[in-house]
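Fit chains B, C and D with the ligands to the known structure of chain A by using the hints.
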Amino acid sequence: MDLTTDDLVEMFRKLSVRMATERDHLCRLDGFAGDGDHGIAMEQGMQAAHLAVTGTEGSLQDLFNAAAKGFLNAVGASSGPLYATALLRAGKAAGPRQTMPRDDLRQVIAAMRDGIVHRGKAEPGMKTMLDAWHPAAEAALAGASPDAIVTAAQEGADATRDMVAAMGRSERLGERSLGHADPGAVSAVMIVEEICGTMRAEA
Amino acid sequence: MDLTTDDLVEMFRKLSVRMATERDHLCRLDGFAGDGDHGIAMEQGMQAAHLAVTGTEGSLQDLFNAAAKGFLNAVGASSGPLYATALLRAGKAAGPRQTMPRDDLRQVIAAMRDGIVHRGKAEPGMKTMLDAWHPAAEAALAGASPDAIVTAAQEGADATRDMVAAMGRSERLGERSLGHADPGAVSAVMIVEEICGTMRAEA
Amino acid sequence: MTAPTQKLINDGNAAVDEMLAGILAAHPEHLWRPEHAPRAVVARQGPRKGKVALVIGGGSGHEPTFLGFVGKGLADAAAIGNVFASPPPQPAVDAALAANGGAGVLFMYGNYAGDVMNFDMASEMLEMEGVEARTVLTTDDVASHPDRAKRRGVAGNVFIFKAAGAAADRMLPLDEVERIARHANARTFTMGVALSSCSLPQTRRPSFDLPAGEMEIGMGIHGEAGVRRGPLRPADEVVDEIMDLLLAEMAAPPGARVALLVNSLGATPLMELYIMNARIVQRLQQARLSVHRTLVGPYCTSLDMAGASITLMHLDDELAGLLDHPCDCAMFRQG
Amino acid sequence: MTAPTQKLINDGNAAVDEMLAGILAAHPEHLWRPEHAPRAVVARQGPRKGKVALVIGGGSGHEPTFLGFVGKGLADAAAIGNVFASPPPQPAVDAALAANGGAGVLFMYGNYAGDVMNFDMASEMLEMEGVEARTVLTTDDVASHPDRAKRRGVAGNVFIFKAAGAAADRMLPLDEVERIARHANARTFTMGVALSSCSLPQTRRPSFDLPAGEMEIGMGIHGEAGVRRGPLRPADEVVDEIMDLLLAEMAAPPGARVALLVNSLGATPLMELYIMNARIVQRLQQARLSVHRTLVGPYCTSLDMAGASITLMHLDDELAGLLDHPCDCAMFRQG
Ligand SMILES: Nc1ncnc2c1ncn2[C@@H]1O[C@H](COP(=O)(O)OP(=O)(O)O)[C@@H](O)[C@H]1O
Ligand SMILES: Nc1ncnc2c1ncn2[C@@H]1O[C@H](COP(=O)(O)OP(=O)(O)O)[C@@H](O)[C@H]1O
Ligand SMILES: [Mg+2]
Ligand SMILES: [Mg+2]
Ligand SMILES: [Mg+2]
Ligand SMILES: [Mg+2]
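Chains as they are written, first to last, in the numbering used here: chain A, 1 to 203; chain B, 204 to 406; chain C, 407 to 741; chain D, 742 to 1076.
Only chain A is shown next, with the shape it has when bound in the complex:
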């Protein structure tokens, strides 16, 4: 069955719950190299995004745009502009439709990756969320199964353990950032999981 705006609202509800659950874990991760607040940003951002979409009538694109605005204004920080841009691009990919084939969520994942690159100017290997989003997007475009897309994201996030941060708050930590996964990459995997869950939910 196609993806409806109600399905999209439900997806943001799941994302909001997920981030609330993982808040302290993500903060701890951010504490190793960054400023310890990533979990708070993602919790508040997804909560605001969910609130925004529930209050919005319109197309899938309208909902993604509302989510982008809600996320950005609630959060700021690095995650705010990055996910706001990602969600705007996701909206463009979904387009002014009331429903779309769930398989089009592959384009949504790729569009989010593109938005993050556009806003953050990072490249894979810099120990950022992109290290999860990029392999996920490539897998999605290559027609991989939802599970395989999640695995790609997860492997990308795991790989950040061996990277030295070269972007954002946690830049130039040398050893201390080594050995710990990038919090933004870890939260990215969770988002990819929820999107792929939605993609999977045929019938």
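Because the hints were derived from the structure by calculation, they are not lab data.
Don't take every hint at face value.
[Stated by the list, open to error] Subject to a maximum C-alpha distance of 27 Å in a straight line, what follows is the list of computed DSS-like cross-link-like pairs (lysine-lysine):
no., chain 1, residue 1, chain 2, residue 2
1, B, Lys295, B, Lys324
2, C, Lys556, B, Lys324
3, A, Lys92, A, Lys14
4, C, Lys478, D, Lys813
5, C, Lys478, C, Lys455
6, A, Lys121, A, Lys69
7, A, Lys121, D, Lys891
8, B, Lys272, B, Lys217
9, A, Lys92, A, Lys121
[What the hints assert, rightly or not] Chain B stretches covered by chain C per the calculated footprint, using a threshold of three residues with CB under 8 Å from any CB of chain C:
no., stretch
10, 234 to 240
11, 243 to 253
12, 271 to 279
13, 283 to 294
Just so you know, even glycine gets a beta-carbon here, dropped at the ideal spot from N, CA and C.
Chains B, C and D with the ligands in isolation, oriented as in the chain A frame:
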């Protein structure tokens, strides 16, 4: 053998060493009800008193006066004026003599008590150093043995455990001052001990 | 044996003198120190012929109290004691003689046994020099005693000294400055809450223990025990408990004006003080009291203690005018 | 599960908005907030026709940075973010539009990935409104990167903002104010030392762990890792390690003048800062550098972190004059 100015210098050296040793213990006691610094005051005060008497030529009274000034200027606080006045009175009691019978240290103990009363206007039972000095002075005047004088001071200090502070920094603590001895009374016992040790030291 | 408390100091016994060296180096345009008076600081501007000399002082560890309030329009000089220890008489005498303008000296300091004994000795010494010295004790700590005369002086010093300093700066005679100082003290009420113990530079151990998760309402600025110990509550509840007591003590009629100080005891940052202030002003509005002036920050600290205090001064036109009077001190400027 | 860190707050998520309410209530004569712009604060005095609008901002938790420096002679407005989080673009736009005097807007803030992305979006939005906005990033944290352009902005903000704010207050055109801002930043060098972790209002857990007895040299004001971790040393040794690096970076010739800031990261009291200053001035004298102005206190904090930072600004006549320019902010006044 009579008490000489050298004996007096030696007594202040012992007092200085003693207070340095007991510093942290006295600070901890002061922490229960007061501001936690009594050990520091007594250490610095007796150190300064010892330094002052070593640098002073003259009579026993001159040395006590120098000790008073040294103690006061190094310390301030409550202990400073109290012991400065006590030591000035001790000097009066010793008088402008180069030596005196060791037994006259009884008058010195009593004079110090009087000085503390004069300066502090406290009465026995108010949970102050006076609760050690007063019984010590009474015992000294009554001709008690050096050991008995120390015992009197010790019992007086112990009794402060069951008193509620009514003077100084630690006033109006209710329960919290109960159960702990007054730091000034405890350090007073140490001073009385050193004086009585000197009194005892018939060679 | 736990690790010593985390402090950026050298030898604990040298802390006060090193601090003074750092203060004099940082504020040469505000402060100077008389020769042979290592523990007295005097205002560059302020002391002058025919002016009452306001001399404050007390133990160290409360910075910017006391010496941060020495300057034009506020105190003329301060006597500096060891940490938590009244200065001996000599620095008080040195400070008074350096600031003396021939119109008399007013000593102002918190009501503590040690300070009273030392400053009284200083007054006697000044008398021998033919200098008239009077004393006004501050007693604003509501938690410290039911009897106002026996209370300790704490953060309210800032407002009380400020009023007296403004009066002296207006060249009022000693009688008037003393009257105003007593009046200012009588209308000032403070209550604090401690969230952690302080530790002395010499011991670097907590002076008392206050377990994590606990708070102590009414604790003094040297760690003197307060009125109630219990689990740490949200800021609004803590503020309410303190404000209930302060408002009852102050007993100001609706429509009255107050000066407000939200003070850090040392380790508590501005964010928390302002969060407290958001609730304080609600309580003042409910009581129909208006705030003429608000100070927020570390004004009277207790070394590295975490916690805060709230001070209310019940204003009349005279006190309001005196608080508005400009002052220029190393650590406090206004107007 | 250890007890939450000791804070006088309510709901951690409400901390910033409650703090803002407390600040606006305490400083109505200095600050106001535009309607529908809950996270923008604007100076009562200062913004005016024909004047470049200096708009600063960043995450909360650094008070008095940023909003304490909004006032006549310094910044015209500030955008307020969540704790340790850049504000989103909207508050920056709101602040800029409220302060806009038709002579252009200069955004100044610390160089952090998040702040750059959000303020750049704000600049784009202002462009659409036909308002020219330029940006100068502060990069004074010597420890944060070998390459100056990639360094973070920390306590040196105070001097850098001050210089730019004075230039704008003198009604200089946008080109000049921008040039001065870059010049001021290029000559400002900061390095900090942390003695304890801060904790966020939402988590109330230490954001990182720094065991008692340890210190971290060069730690950032959000707990970003520094250059060296080791046993806590006496203040003089810590100062020497920091001054060695700062003096080498600054490379000022003998006889040069500097402005000096000895800053508390939050929990470290004045006594310790002044003890540090006593050693700092010795080092400056040895380097034959003279101190034109010294600031000591909490100017750029990291919530409840214990520790301090030292900032040196290498002055020329232009910068010295701009630092001497009067300013009147809620939390910083001069002249
Ligand atoms: N330029 C960038 N491109 C992509 N991701 C970035 C960039 N800068 C930061 N990030 C991501 O943002 C995460 C941190 O986000 P968060 O903690 O919410 O914001 P902040 O760093 O402002 O505290 C990092 O873990 C990293 O994955
Ligand atoms: N008025 C007084 N008369 C006698 N002893 C006093 C008086 N006030 C205080 N004391 C003594 O002083 C002791 C505290 O001394 P100390 O801690 O050195 O000074 P401070 O109280 O100023 O910190 C108390 O334990 C008490 O014994
Ligand atoms: Mg972060
Ligand atoms: Mg004491
Ligand atoms: Mg004391
Ligand atoms: Mg952040």
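Outcome of the hint check:
1. Distance hint between B:Lys295 and B:Lys324 is fulfilled; the C-alpha atoms sit about 20 Å from each other, no more than 27 Å.
2. Distance restraint check for C:Lys556 and B:Lys324: the Cα-Cα separation of roughly 15 Å lies within the 27 Å cut-off, and the hinted pair is therefore satisfied.
3. Between the alpha carbons of A:Lys92 and A:Lys14 the distance comes to roughly 22 Å, so the proposed pair stays at or under 27 Å and holds.
4. For the hint pairing C:Lys478 with D:Lys813, the CA-to-CA distance comes to about 23 Å; that is within 27 Å, so the pair holds.
5. With a C-alpha separation of about 14 Å, the suggested pairing of C:Lys478 with C:Lys455 holds against the 27 Å cut-off.
6. Simply put, A:Lys121 and A:Lys69 have alpha-carbon atoms about 21 Å apart, close enough for the 27 Å limit, and the pair holds.
7. For a cut-off of 27 Å, the pair hint linking A:Lys121 to D:Lys891 stands: about 15 Å separates their Cα positions.
8. For the proposed pair B:Lys272 and B:Lys217, the alpha carbon gap of about 18 Å is at most 27 Å, so the pair holds.
9. Simply put, A:Lys92 and A:Lys121 have alpha-carbon atoms about 20 Å apart, close enough for the 27 Å limit, and the pair holds.
10. Given as covered by chain C, the stretch 234 to 240 of chain B passes the check, having 7 residues with a CB less than 8 Å from a CB of that chain where 3 are the minimum.
11. Counting residues of the stretch 243 to 253 of chain B whose C-beta lies closer than 8 Å to any C-beta of chain C gives 3; at least three are required, and the coverage claim holds.
12. Proximity of the stretch 271 to 279 of chain B to chain C, defined as three or more residues with a beta carbon under 8 Å from a beta carbon of that chain, is established by the 5 residues found.
13. Proximity of the stretch 283 to 294 of chain B to chain C, defined as three or more residues with a beta carbon under 8 Å from a beta carbon of that chain, is established by the 3 residues found.
Checked against the numbered hints given earlier, this structure breaks none of them.
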